[in-house]
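**Student:** Sequence:
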Amino acid sequence: GDLELFFWARLDAKKMMSLYDFFVLLEPDSRGQRKRGRIFRPLFRSAGKIREIQVNYLLLETPALRDLVPAEFTRWLRHEEQSATRKFIKTIKKFDDGELEELEKEVRKICTGSVLRKYRSKSRKFLEKHKNTMARLLATELTDKSLHEVRKILKAMSTISSIVYSLKPSADMDRIISAMNKTEMLIGEWHDRVVLEAAIDRYNADLEPLKE
1076 GDLELFFWAR LDAKKMMSLY DFFVLLEPDS RGQRKRGRIF RPLFRSAGKI
1126 REIQVNYLLL ETPALRDLVP AEFTRWLRHE EQSATRKFIK TIKKFDDGEL
1176 EELEKEVRKI CTGSVLRKYR SKSRKFLEKH KNTMARLLAT ELTDKSLHEV
1226 RKILKAMSTI SSIVYSLKPS ADMDRIISAM NKTEMLIGEW HDRVVLEAAI
1276 DRYNADLEPL KE
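Numbering of the sequence shown is given in our numbering, commencing with residue 1076 and proceeding in unit increments.
Hint data in this document are derived by calculation from the structure and do not stem from the laboratory. It is possible that some hints are incorrect.
[Unchecked claim] The following label-pair restraints were derived from C-beta to C-beta distances:
| hint | residue 1 | residue 2 | range |
| --- | --- | --- | --- |
| 1 | A1210 | D1267 | 17 to 27 Å |
| 2 | T1137 | E1177 | 24 to 34 Å |
| 3 | T1215 | G1263 | 18 to 28 Å |
| 4 | T1208 | D1172 | 15 to 25 Å |
| 5 | Q1157 | I1251 | 36 to 46 Å |
| 6 | R1192 | Q1157 | 42 to 52 Å |
[Stated by the list, open to error] Only pairs whose alpha carbons sit at most 35 Å apart, straight line, appear in this in silico DSBU-like list of lysine-lysine:
| hint | residue 1 | residue 2 |
| --- | --- | --- |
| 7 | K1220 | K1206 |
| 8 | K1165 | K1227 |
| 9 | K1124 | K1168 |
| 10 | K1180 | K1197 |
| 11 | K1124 | K1206 |
| 12 | K1180 | K1193 |
| 13 | K1230 | K1206 |
Glycine included, C-beta positions come from ideal geometry on N, C-alpha and C.
Input sequences plus hints: build the corresponding full structure.
**Tutor:** Given below as C-alpha cells:
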C-alpha cells in the first residue's frame, strides 16, 4: 500500500545517505562529496513526513485510541497527508541527476584507490566515537530529544556496522547489529507515539482560532 511505498522510498534514501557517509568516513577530506551526498536528504525528509502521518493512521486503529480521537482529527490528517504528498512529488521533480552522477564519479575514484584497505580501523573509530556519545546521553536525564538522538546514533552505528559486515562477516558483528536494530525499533515505537501526540497538538492549535 501507500504506507509501504513511502516506507521504502524513505528507507532507500536513508541507505543511500548512509552509504555515501561511509565513503566520506573513508575519505574525510572529500568536502565536495560530503556536500553532494546531501542530495538525498530532502527525499528522506519528505517521504518521512508522509510515513509519519500514515503511521498515525495505524495507531488510531488501536483499541486504546480508536474511540478517543474525533473523526475530525482523521480528516485533518488526510488533508496533511495530501499536502505532504504534493511536496514529495515536487521534491522528486527537483532531484538533480547531474549531482548524482558527480557523486558516483567520486565514489568510483575512492573504490579504485587504496583507502578501502583502511575501512576496518576507520569504522572502528567511528563506532567508538558514536558509542561514547550515546553513553554520555544515556548518563543524563533522558528527554524526548535526547532519546531520539540515541535512536539516530544507533541507526548510524547499525548502518556502518552492516556495511563492514558485508565486507567481512562475523558472528559477533551479526549479534551486535541485531541488538542495535532491536533497540532502535523499540525506541522507534515510542517515537511513533510522540509524533502522534505532536500531530494532535498541531490539530488543537489549528482549532484555537475557530473557537474565538
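**Student:** If you draw a straight line from the CA of K1180 to the CA of K1197, is it 35 Å or shorter?
**Tutor:** 22 Å, holds
**Student:** Within 35 Å, alpha carbon to alpha carbon, are K1230 and K1206?
**Tutor:** Measuring from Cα to Cα gives roughly 12 Å; hence the hint holds.
**Student:** K1124 and K1206: Cα distance at most 35 Å?
**Tutor:** Distance of about 28 Å is within 35 Å: holds.
**Student:** Is 36 to 46 Å a correct range for the gap between the Cβ atoms of Q1157 and I1251?
**Tutor:** 42 Å, holds
**Student:** Confirm or reject the claim that T1137 and E1177 have a C-beta distance inside 24 to 34 Å.
**Tutor:** 46 Å, violated
**Student:** Tell me if the straight-line CA distance from K1180 to K1193 falls inside 35 Å.
**Tutor:** This hinted pair holds, its Cα atoms lying about 20 Å apart.
**Student:** Could you tell me whether the CB distance from R1192 to Q1157 stays inside 42 to 52 Å?
**Tutor:** For R1192 and Q1157 the Cβ distance comes to about 50 Å; the hint holds.
**Student:** Need the status of pair K1124, K1168: alpha-carbon distance at most 35 Å?
**Tutor:** The given pair, whose Cα atoms are some 17 Å apart, holds under the 35 Å limit.
**Student:** Per the hint of 18 to 28 Å, is the separation of the Cβ atoms of T1215 and G1263 within bounds?
**Tutor:** Distance hint for T1215, G1263 holds at roughly 21 Å.
**Student:** Would you mind confirming whether the straight-line C-alpha gap from K1220 to K1206 stays at or under 35 Å?
**Tutor:** Answer holds: K1220 to K1206 is near 18 Å, not above 35 Å.
**Student:** Measure nothing beyond the straight line between the CA atoms of K1165 and K1227; if it is 35 Å or shorter, mark the hint as holding.
**Tutor:** Answer holds: K1165 to K1227 is near 27 Å, not above 35 Å.
**Student:** Please test the hint of 15 to 25 Å on the beta carbon pair from T1208 and D1172.
**Tutor:** 35 Å, violated
Of the numbered hints stated above, those contradicted by the structure are hints 2, 4, listed in ascending order.
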